[in-house]
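Participant: Under the UniProt record's numbering, the letters of the sequence shown match residues 1 to 366, in that order.
Among the clues, some could well be false.
[Stated by the list, open to error] Only pairs whose alpha carbons sit at most 25 Å apart, straight line, appear in this in silico DSS-like list of lysine-lysine:
#	residue 1	residue 2
1	K190	K222
2	K127	K190
3	K238	K222
4	K202	K238
5	K219	K190
6	K127	K238
7	K222	K202
8	K202	K219
Quick caveat, the hints were computed from the structure, so don't treat them as lab data.
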Amino acid sequence: MFGFRLEMGRGRDGSRVQARRSGFATFQAALAEYRRLCAQRDASQPKTRMTGTVRALCDAWLQAREQELEPNTLHNYRWLLGLIYPHVGRSRASRLSARAVERMYRTLEAEGYSRTTLRTLDLVLSKAFYEETGLSLGTRKPRLSDKLRPVWTLDEARTFLRHVQCDRLYPLWRLLLVSGLRRGELCGLKWTDLNTDLATLKVRRQRVVEGPGSVVREKRPKNDNGIRTVMLDTITLKTLTHAQNSARSAYMFTGRTNRPLRPDNVTDRFNKLATAAGVRAIGPHQVRHMLASSLLDSGYGVHEVAERLGHDAATLMRYYTRVNAARRAQAAEDAAVLVTATPWESDRLWWIPQQVRPSSVHSTMV
């Protein structure tokens, strides 16, 4: 079954009005209704005279949003919208059709851009077009990618941890694997965030790479859930305490010049060490997926895991879990037992096609 939700504008009292539709048997039926509602909404909106090009419209939208967007978000929006300029940038905004945009998406996918990138581009372009004109593009959204990003197994994590025991950043790698902190949060940690008496670590800042100049800035975590207190196990606490005794910086993890680490350098170093250890170079962020799935598989609740990773529970279940093969196989067996098993039915084949069923088996089963 297919469905959708569509912004219909503002009511008389200024509140948001949304149209929700569900229960469509096919994607095409849902898309047809989506486009019909878009046309209905657009017909009721005051017409905006559009004389400029698509690029001029996007530039005006970016300029209007410049003060409210984070520098890195603004940079990413500019990069995404820059992808469309060679294709429709010079077209009149008033003549930009949904079909032209969909053709452009297919061309960009053929050029090698991922479906995830194209879906994000569609969200940004649709938002820019609607906020500048009050009209909807009504495009068919690019499909989600069928490919899952790689996630380590627990054996790979243990192999990596053994390999980096002599690395000068071993405390960072261990903390990454057991806590699932984001790379920017790791780089922003200070020794004042560590409470050795309570065995806790306060996460309250992150270091992020922003803008075309790759400038590193320090800021709050990406959401309110990101500000959290993380409990530490005994060995990790001892490892950090030992490192603190020889520390020469207020920051917990630094380079050889005692300056705080850059997040992009952490990723590069992580991948090089992973390759040397003989495991997949997946990047530090994917460790969060491994940790979330492993903790949930071990019986911990969704809210417990979400709190540790600094996410809300809904986001955790949508993006940060991966069911391993063993769990899938066990789920198949459990489902069969729950639905079909009876006391006399254990390891025996209880259904045999009639044309090959021996009479002895038939008499036993009935």
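Participant: Please go over all the hints and tell whether each is borne out by the structure.
Facilitator: Status of the hints after comparison with the structure:
1. K190 with K222: holds, 18 Å
2. K127 with K190: Violated - the C-alpha atoms of K190 and K127 are around 39 Å apart, more than 25 Å.
3. K238 with K222: violated, 29 Å
4. K202 with K238: The given pair, whose Cα atoms are some 17 Å apart, holds under the 25 Å limit.
5. K219 with K190: holds, 14 Å
6. K127 with K238: Not satisfied, since the Cα-Cα distance of roughly 50 Å exceeds 25 Å.
7. K222 with K202: Since the Cα atoms of K222 and K202 sit roughly 15 Å apart, the hinted pair holds (cutoff 25 Å).
8. K202 with K219: The given pair, whose Cα atoms are some 15 Å apart, holds under the 25 Å limit.
Checked against the numbered hints above, the structure breaks hints 2, 3, 6 and satisfies the rest.
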